[in-house]
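S.K.: Let's have the full structure, built from the sequences with the hints guiding it.
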Amino acid sequence: MVVFEADDTYRVDVLNDADWLWLQVHPVATAADLPAVGERNRQLAERTPAFAAGMTLVFDGSPVPPEGVTYVPPPTSDRSGPWGLAEPGLIRLTGTVPADAVRFQFAYDRVVDEYPMTVARGAGAPVTRWLQPAQLSPPLDIADLVPLTPVQVAVQYLGLGYTHILPKGLDHILFVLGLFLLSARLRPLLLQVTAFTVAHTITLALTIYGVFSLAPSIVEPLIALSIAYVAVENLVTTELRPWRIVLVFAFGLLHGMGFAGVLADLGLPRGELVTALVTFNVGVEAGQLTVIGAALAAVAAFRGREWYRGRVVVPLSLGIAAVGLYWTVERVLAV
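Just so you know, our numbering puts the end of the sequence shown at 348, numbered straight through with nothing missing.
Just so you know, the hints here were simulated from the structure itself, not pulled from any lab data. Fair warning: there could be bad hints in the mix.
Unchecked claim - Label-pair distances were calculated between CB atoms; the ranges are:
1) Thr83 / Pro152: 23 to 33 Å
2) Tyr339 / Leu219: 25 to 35 Å
3) Ala44 / Gln145: 22 to 32 Å
Idealized CB from N, CA, C, for every residue including glycine.
M.R.: This is how it looks when you write it as structure tokens:
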């Protein structure tokens with residue numbers, strides 16, 4: 014969050030998961046090695062100048078170092094926050110806008126994925142732009158910040174939802190393939206996908222609006238276990254039983270909370286919350302349908318053959334089950 018004040022000072026607040034930051038400076042450590050919250054915050058405060066060195070502030074084409082750099086720890090003393098996510102800490106840069114400067118740019122190299130940069134003039138409406146790691150943002154007019162239109166927000170979050178599945182969402186891809194492999198007939202696939210879609214849409218909305226949430230330490234292992242379950246069931250039946258629909262719906266509720274965690278990490282524009290939420294979900298659906306379409310195209314020529322189950326369904330389901338079980342154990346041990 015970048016705020017330009019009327020007295021020509023600025024504040025740049027860069028939010029990061031505090032545990033993630035600590036692990037960045039301890040590359041051989043794992044989540045099991047994380048220190049107590051107080052000690053973690055003390056160590057991060059000592060390393061703040063090093064983190065700030067990875068941030069670039071540019072006014073009218075010239076890099077300008079901040080005048081002040083501080084670390085602000087999470088407001089709570091535990092590791093839980095909204096949506097069950099860890100409370101973020103923030104690195105705060107402060108300074109004075111150079112005389113007569115009219116344009117601002119920002120870059121941050123200590124990230125691994127695209128991230129939102131929100132800029133505001135005093136208490137005015139914020140403007141959000143999405144940046145790639147280490148990418149210098151497009152120039153923004155300090156005095157005349159123009160927010161994205163609803164159409165631009167929709168296009169942006171549609172793309173974010175799609176890329177969350179393809180190519181980034183391997184766990185969700187494997188779950189959808191597990192649904193696909195149950196039967197060579199189209200009707201069972203449509204019923205499962207419909208149940209899954211309705212369920213994850215419900216919990217995505219409820220979690221984002223703060224009505225309901227579970228901690229990632231619970232959700233993520235259960236998502237992995239859901240992948241293993243649908244794959245194992247594919248090994249013992251080719252029929253869509255009523256309990257499968259119920260379980261797929263329940264698993265969809267879990268996956269929706271996983272989507273909500275991702276969306277919370279990405280950030281939501283306050284003025285276009287509904288637009289962002291709906292189009293992100295549509296992007297997720299488009300990604301899932303792409304996976305199903307690709308799977309159908311890959312096996313269409315021999316899906317009805319006698320050997321299809323023995324040579325395709327069983328080996329792939331075994332592989333998916335093994336990955337799901339491995340992830341389950343890995344995510345439980347990471348808690």
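S.K.: Each hint: holds or not?
M.R.: Consistency of the hints with the structure:
no. : hint                        : result
1   : Thr83 / Pro152: 23 to 33 Å  : 27 Å, holds
2   : Tyr339 / Leu219: 25 to 35 Å : 30 Å, holds
3   : Ala44 / Gln145: 22 to 32 Å  : 26 Å, holds
No hint from the list above goes unmet by this structure.
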